[in-house]
Amino acid sequence: KQEVTQIPAALSVPEGENLVLNCSFTDSAIYNLQWFRQDPGKGLTSLLLIQSSQREQTSGRLNASLDKSSGRSTLYIAASQPGDSATYLCAVRPGGGADGLTFGKGTHLIIQP
Amino acid sequence: NAGVMQNPRHLVRRRGQEARLRCSPMKGHSHVYWYRQLPEEGLKFMVYLQKENIIDESGMPKERFSAEFPKEGPSILRIQQVVRGDSAAYFCASSPAADSGNTIYFGEGSWLTVV
Numbered sequence: 001k002q003e004v005t006q007i008p009a010a011l012s013v014p015e016g017e018n019l020v021l022n023c024s025f026t027d028s029a030i031y032n033l034q035w036f037r038q039d040p041g042k043g044l045t046s047l048l049l050i051q052s053s054q055r056e057q058t059s060g061r062l063n064a065s066l067d068k069s070s071g072r073s074t075l076y077i078a079a080s081q082p083g084d085s086a087t088y089l090c091a092v093r094p095g096g097g098a099d100g101l102t103f104g105k106g107t108h109l110i111i112q113p
Numbered sequence: 001n002a003g004v005m006q007n008p009r010h011l012v013r014r015r016g017q018e019a020r021l022r023c024s025p026m027k028g029h030s031h032v033y034w035y036r037q038l039p040e041e042g043l044k045f046m047v048y049l050q051k052e053n054i055i056d057e058s059g060m061p062k063e064r065f066s067a068e069f070p071k072e073g074p075s076i077l078r079i080q081q082v083v084r085g086d087s088a089a090y091f092c093a094s095s096p097a098a099d100s101g102n103t104i105y106f107g108e109g110s111w112l113t114v115v
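If you read the sequences in order, they're chains A and B. If you count by the numbering used here, then the first sequence holds residues 1 to 113, one letter each, in order. If you count by the numbering used here, then the second sequence holds residues 1 to 115, one letter each, in order.
These aren't lab readings, by the way, just hints derived from the structure by calculation.
Covered, in the sense of this in silico footprint (three residues per stretch, anywhere, with C-beta under 8 Å from a C-beta of chain A), are these stretches of chain B:
{"hint": "1", "segment": "38 to 44"}
{"hint": "2", "segment": "48 to 62"}
{"hint": "3", "segment": "104 to 115"}
With a straight-line cut-off of 20 Å between C-alpha atoms, the simulated SDA-like cross-links for lysine to any residue are:
{"hint": "4", "chain 1": "A", "residue 1": "K105", "chain 2": "B", "residue 2": "A89"}
{"hint": "5", "chain 1": "B", "residue 1": "K27", "chain 2": "A", "residue 2": "S46"}
{"hint": "6", "chain 1": "A", "residue 1": "K42", "chain 2": "B", "residue 2": "L11"}
{"hint": "7", "chain 1": "A", "residue 1": "K68", "chain 2": "A", "residue 2": "P94"}
The C-beta atom is built at its ideal place from N, Cα and C for all residues, glycine as well.
Produce the complete structure using the sequences and hints provided.
Written out as C-alpha cells, the structure reads:
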C-alpha cells in the first residue's frame, strides 16, 4: 500500500527566504507526482506535475524534483512571499495512471512579512 | 472555461438524514474523482467514475455511500443516514482521460457538517 509522507508538517520563515518542502513515498512504481497548494477553506490548485520519466519541473519561483528510485520529491520555493502562505500537498498516482491519487498530509507554510 | 464546479459549498445535516453532493467536471473532461478530507487528515481517494461507469470504488465505505456519473448531468456523491464521523470536506476532481498523464483539476469542495 502506497504511503506518502511530507516533512516538515509546518514551517514558518521570514519573507525572502528560499525553502524546500520534502515528500517521500514508499512504492516507487508511480505514474506521476503532483504538487498542490491548498488555501484555508478552498480547493486544491495544481502547482507542478512531474511524470515518472522526468527529473524536475519548473514554474516561476517553484521547482519540483523527483527521484523515483529513492521515493523522494522536493518542492523548492525561491524568494518566498507572504502570498505563498498555504498548505502544500504532495500526491502520487499509481503506475498505469488509472487510479486515484495518494496524498501526503501536507506542509503548512507561513511566510512572515 | 469554467473549472470543476461543486455544490453545495456548505451543507449541514442532522444525524440520519441524507446528503447529496454534486460535481460538474471541467468542460471536455469525462473522468471524475471524489476525495474526502477529514479534519487533521490528508485527502483520501474514494471513487473514480467515467460517464455511466464506476471504475474504481476501492476507497468508498461499504455502507451508506454511493456515487454516480450519469450520461447527462453532474456526478453525485450520496451519503445516506449520515453520522457525525461523515463531517468532512468532500472534493471532486476531473481529468480529460485517466492514462494521459494530465493534471487533475479540483473543485472548491463541499463542506459537510453533521449535527
